[in-house]
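Asks: So the sequences go chain by chain: P and S.
Per our numbering, the first sequence starts with residue -19, numbered consecutively.
Per our numbering, the second sequence starts with residue 14, numbered consecutively.
Rather than coming from a laboratory, the hints here were simulated on the basis of the structure.
If a hint is listed, it holds; no wrong ones were tucked in.
Quick list of in silico lysine-lysine cross-link-like pairs, BS3-like style, CA-CA up to 30 Å:
{"no.": "1", "chain 1": "S", "residue 1": "K98", "chain 2": "S", "residue 2": "K77"}
{"no.": "2", "chain 1": "S", "residue 1": "K108", "chain 2": "P", "residue 2": "K322"}
{"no.": "3", "chain 1": "P", "residue 1": "K75", "chain 2": "P", "residue 2": "K(-9)"}
{"no.": "4", "chain 1": "P", "residue 1": "K21", "chain 2": "S", "residue 2": "K158"}
{"no.": "5", "chain 1": "P", "residue 1": "K(-4)", "chain 2": "S", "residue 2": "K158"}
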Amino acid sequence: MVANVKEVNAKEINVKRTSPEEKRELTFKDEICVGCGICEKICPVQAIELGPICAIVRNGAEESKISIDEDKCVLCGMCSSACPVDALEFDIDEKNIKEIEEYPKLIKNAEISDEECIYCKACETACPRDAITIARVLPERTKLVTGEIEIDKDTCISCGVCEEMCPADAITMEHHEPTSAEPTVSSDINVDKEKCVYCLICKKSCPVDAIKAVCRSCSYGEYDLNPEDTEIKGSSFIDEEACVDCGWCQEICPVDAAKVEKAFEGELIIDQETCQTCGACIDVCPCNVLSFPSPNASGDIDEKVKSDEKYCIYCGACENACPVEAIEVKRTDIRHTPTKSKSWDKKLESLKT
Amino acid sequence: MPKHIVSGLKYLTAVELIRDGFSQKDVAKILEMDRSTVSHYLNGRNLSWNSIEVAEIITNFCSKDFLTLTYALLNDAEKTRIIIKTCSKKTYQAKVEDSCIGCGLCADTCLMNAIILDDLKAEIDTEWCCGCLMCGDVCPTNSIKISEEENGS
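With these hints in hand, go ahead and build the complete structure from the sequences.
Replies: Given below as structure tokens:
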């Protein structure tokens, strides 16, 4: 008789069934799971149970967000197909069902075009899942401002004013205690031309006019600049495991370099009357859709919890977490690749509410 | 003695295979036996009639008992399939409903290897189906319907 084998490693769950014909394996990664409970809804044999999401997320309870009953699970893979964040992976003979055509997949994607990206890092800062890394190479500062500077060491009285004034810390001076053998305070003075931005503050502040300096940019303006020298180069990277396709990067990008495709469409309804402002939804939401509004004046609050559906993936985690049922998440459309299986199609459609 | 019952089952299978037109050489190959043993069997030697009688009773068990007992006695999936297919006289019709979720439990359970998955749906090869109904027992969505074919239909 074929039987399932379950292994639990920390909060990761693995259920396997091996027969001479094939090996089926379901892996649950707790750190990716957002607690939406879609797996629980779609499981045709009620083998998955969603845990107390609010307690787990807020208090770091020592349990997985879902539990899988290995005696009930038939390893069909539906939970994996429907998981909006890919926290459940399903492999048949070591091949992920996302690579097997007959299994339907949610159509969702996030990408940043390096052609358009100006590496401003707005998306990196905005991403609620810290999934984006922008690596940028800045232009060389010395190529952007050029000029000439020279200090007449015979005139210099080693007062140190230029060293103190220099905003770029480009001037260094070695001060010297006079002795009877060498009765002078004069010492060596150096300008680091890598650091100097030719602002001419040293020249203007020198009490003895010992500094001659000129800024080429000021003299010749923009024409003196080689456009290649001003270019910011870089690359963008989205960690697909962490990304939930929420759309923050797309909305915040100033040059439309980020494109996000979402699997679900729907509506997020918050009953402001019922809401007790506990903040569970805010803590649970993987997409930073929800926040407490900041009042302009005292007592000036029209909504208890604010939401912006631009960033919502309609996963339903907030609805699960709300202790007073003040939130309803409706899914009106689900985009997935086609399947010939009527039962799978029906089950996926059943996620619409 | 299990060994003798196995010999009885092999004897019955050998007789059927010869009747189906296989040569003694083929039969020896299929059942993984010596040609001389096949020849002895077919001439009624080296085998007690009692073993054959017991084997015959087993072939008339309900399909599930015939299959599981034979598998337990032989502990060899391939030979079990040959013996069951050759000795069972009934044929079956199989229908898989659209409620099938393609979990593959039936395919993993079927000792006759009669089930494959196609487009997330089980497909039953009635050529090999022995009517044991074990697939239906494990099906989580109750999607498998197997019925005995009427004689001549």
